[in-house]
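Number of protein chains: 2
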Amino acid sequence: MPEFLKLTAPDEALKRFMSHLPAAQPRRETLPVLEAAGRVLASDVYALEALPSFRRSTVDGFAVQASSTFGASDSLPIYMNVVGESQMGAEPNFKVGKGQAAVIHTGGMLPEGANAVVMMEYTQEARAGEVEVQRAVSVGENVIEPGEDVKPGELLLEAGKELSPAVVGGLMSQGIAEVEVVKPPRIGILSSGDEVVDPLQVPLPGQVRDVNSYSLSALVQRFGGEPVRFGISSDREEDMRARARSAMDACDALVITAGSSASVRDLTARILAEMGEPGVLVHGIRIRPGKPTILAVCDGKPAIGLPGNPVSALVVGSLFIKPMIYHLTGRKTTVPVAYLQARLSTNTPSQAGKEEWFPVSLRQDERGWIAEPIFYKSNLIFALAKADGLIRVPLDANGLEAGQVVEVYFL
Amino acid sequence: MPEFLKLTAPDEALKRFMSHLPAAQPRRETLPVLEAAGRVLASDVYALEALPSFRRSTVDGFAVQASSTFGASDSLPIYMNVVGESQMGAEPNFKVGKGQAAVIHTGGMLPEGANAVVMMEYTQEARAGEVEVQRAVSVGENVIEPGEDVKPGELLLEAGKELSPAVVGGLMSQGIAEVEVVKPPRIGILSSGDEVVDPLQVPLPGQVRDVNSYSLSALVQRFGGEPVRFGISSDREEDMRARARSAMDACDALVITAGSSASVRDLTARILAEMGEPGVLVHGIRIRPGKPTILAVCDGKPAIGLPGNPVSALVVGSLFIKPMIYHLTGRKTTVPVAYLQARLSTNTPSQAGKEEWFPVSLRQDERGWIAEPIFYKSNLIFALAKADGLIRVPLDANGLEAGQVVEVYFL
Chain R
1 MPEFLKLTAP
11 DEALKRFMSH
21 LPAAQPRRET
31 LPVLEAAGRV
41 LASDVYALEA
51 LPSFRRSTVD
61 GFAVQASSTF
71 GASDSLPIYM
81 NVVGESQMGA
91 EPNFKVGKGQ
101 AAVIHTGGML
111 PEGANAVVMM
121 EYTQEARAGE
131 VEVQRAVSVG
141 ENVIEPGEDV
151 KPGELLLEAG
161 KELSPAVVGG
171 LMSQGIAEVE
181 VVKPPRIGIL
191 SSGDEVVDPL
201 QVPLPGQVRD
211 VNSYSLSALV
221 QRFGGEPVRF
231 GISSDREEDM
241 RARARSAMDA
251 CDALVITAGS
261 SASVRDLTAR
271 ILAEMGEPGV
281 LVHGIRIRPG
291 KPTILAVCDG
301 KPAIGLPGNP
311 VSALVVGSLF
321 IKPMIYHLTG
331 RKTTVPVAYL
341 QARLSTNTPS
351 QAGKEEWFPV
361 SLRQDERGWI
371 AEPIFYKSNL
381 IFALAKADGL
391 IRVPLDANGL
401 EAGQVVEVYF
411 L
Chain F
1 MPEFLKLTAP
11 DEALKRFMSH
21 LPAAQPRRET
31 LPVLEAAGRV
41 LASDVYALEA
51 LPSFRRSTVD
61 GFAVQASSTF
71 GASDSLPIYM
81 NVVGESQMGA
91 EPNFKVGKGQ
101 AAVIHTGGML
111 PEGANAVVMM
121 EYTQEARAGE
131 VEVQRAVSVG
141 ENVIEPGEDV
151 KPGELLLEAG
161 KELSPAVVGG
171 LMSQGIAEVE
181 VVKPPRIGIL
191 SSGDEVVDPL
201 QVPLPGQVRD
211 VNSYSLSALV
221 QRFGGEPVRF
231 GISSDREEDM
241 RARARSAMDA
251 CDALVITAGS
261 SASVRDLTAR
271 ILAEMGEPGV
281 LVHGIRIRPG
291 KPTILAVCDG
301 KPAIGLPGNP
311 VSALVVGSLF
321 IKPMIYHLTG
331 RKTTVPVAYL
341 QARLSTNTPS
351 QAGKEEWFPV
361 SLRQDERGWI
371 AEPIFYKSNL
381 IFALAKADGL
391 IRVPLDANGL
401 EAGQVVEVYF
411 L
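Just so you know, the sequences run in chain order R and F. Under full-length UniProt numbering, the first residue of the first sequence is numbered 1, with each subsequent residue one higher. Under full-length UniProt numbering, the first residue of the second sequence is numbered 1, with each subsequent residue one higher.
Rather than coming from a laboratory, the hints here were simulated on the basis of the structure.
As the list makes no split between identical chains, a pair holds if one copy fits it or if it spans any two.
Straight-line distance between alpha carbons at most 27 Å, and here's what the computed DSS-like set of lysine-lysine pairs gives:
#1 K386 with K332
#2 K386 with K322
#3 K386 with K161
#4 K322 with K161
#5 K151 with K386
#6 K183 with K386
#7 K151 with K332
Please construct the entire structure, taking both the sequences and the accompanying hints into account.
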């Protein structure tokens, strides 16, 4: 059996992983709305008040009784007495009766008696205190009724919704100054490898700095999690088991990056398998970079084992860490991933049966965006740090051709 | 002349606005790398050290002198003495001579004397202490040389680059723990309108809560600016002028939302025109919502006058506030905007000659994403708060048809 058939396809891997996660039970906290921007609502929000709270005009013009305008036209205008002006921000202290009109501005409050507004464009000044109305209006025309947008008690926003700028505005429109949001789930991050040292240390010959703890922490932050670093484990099984155990106990999820040595490649899987039921769900994915990825759920908590190579860890990590954090924060739907369409600058070979991801740099010509693949030898982090985005070559493609339109994803 | 010809097309408006902005002179601060994630580099970063710092293997296998493998094949393998194993994280304390081999792991350091690695797959255990090599390798094969990825002194990252997770990793790989980043530019935000009251106040009849100060603050935060709110101005010219002046003096840019009354619609333009050279550049844009937008540059500082309607302010605001903040933070290139392709659920009429933006909700079927336009009467903030994204109907289109593929943008 060819090796890639023993591996799980990326879509199937994600589905299996997500389907084993128990319903999210996020922790909550109450924050001022603006501080909570970008966070996720922990509970449904119901309307406290009607919106609008009074009968408003949606145009500039004249507030009238609709019946007074019956039959009005360009050639047969109707003349009305102007009895006042509805001042912005104030309740008019006069009434509009039959045959009467009042000046009104967009957003202004209709005076008592008025039930429609004639747009400025269909009126003309007549004698002082009089206006010529050239078009008939029906009851409610150019008017928005109290509660027409929002009724008190109505469900406004569901738990799981992100506090976008529009949601922030929506909450303020109801006078809601504080809101219950989801606390960022704690994601334990553990690096491993006998060759890996703290990045502030000067590596000796044979040693490399720990990149993954930091790049994955930034990734976790970006997706709304709180990264908690548990240092660097040696390749000794007892060491890694002890650190993985304490990370898992203290956090809502665990991300381990393995040492790059082949001898320790299965260590993570062995440790995760013992850590709780059902244990390892996926071990090996038809993806490049990132083949040796492990997905597990241990007694209700998700765990991801990533390859130690910094590029692999980040590329494949983002594919699985993002939906994991979104689940833990109780986001209702899997938010679709936005991308940019661009033309490929050059032929990009790939192996059928594996989904491949390439870093690209972007440039623009008169026809649009061009994606230039960055080919690299050693999966060095700077291949990714210098890139503008990533392109995906689907599982079944034998590479992509120059000029082909590709989707560029942003990390 | 039809009215829309007096208005500026959105692209042209943005171009004119950006071309009048002086080169950015962002303030700087030094932060720990992880705290700076998502911020923008204030200065170029040069390599301190070579990467890798030693000669590494890129595969699991046997480190050899390439010349020893000359002529090796499946049918005529060469037998070599195994003289040791390169331990991960340590400098091998032995040499590899002619006809000798050493066990090595991915990322391991080559012993002195070795200049290539034979992949594990092309070897076979022979007698104890011996390995059968079935393929010849050339000098440097499966090896990465010191400095091959990064040379000391090399330009690694340019000022203006965002600290993405990969950039965070890249900096740590060089042992760079702190980094000089751009301080968020201060964006003054001023609401206006006689009818507008503080959102924590209970509005009287005719009054509405200030939504824009908060939704625009969230927008400014999202794009990397620091919002500074300057309260709510009345529609009196002196009041607005004084507040606009002090906001502009204290900040790097100004965003004003106008009251919705027609009588005050030109007030903002008048005030911005007097505030410094060249003053108002664009007054009125061929866009819906957002037609009455004003773009100005006053003595080197940008100012945007937005319509008071919360949806208009947010939709059109995001089109101009984002590039303005990106410019002020010194981002090198206009980062392209990502989107999602979806099929339109229903015919969406629009007026040719105006770029129109509609909020949509998204759902999925077996063929992909479907965008369902949310039609609304009063530009209520909840039309946008409940939406998943926005679709754009281009300037020259007479609406869009059901089934047509559209680009969905996320606010």
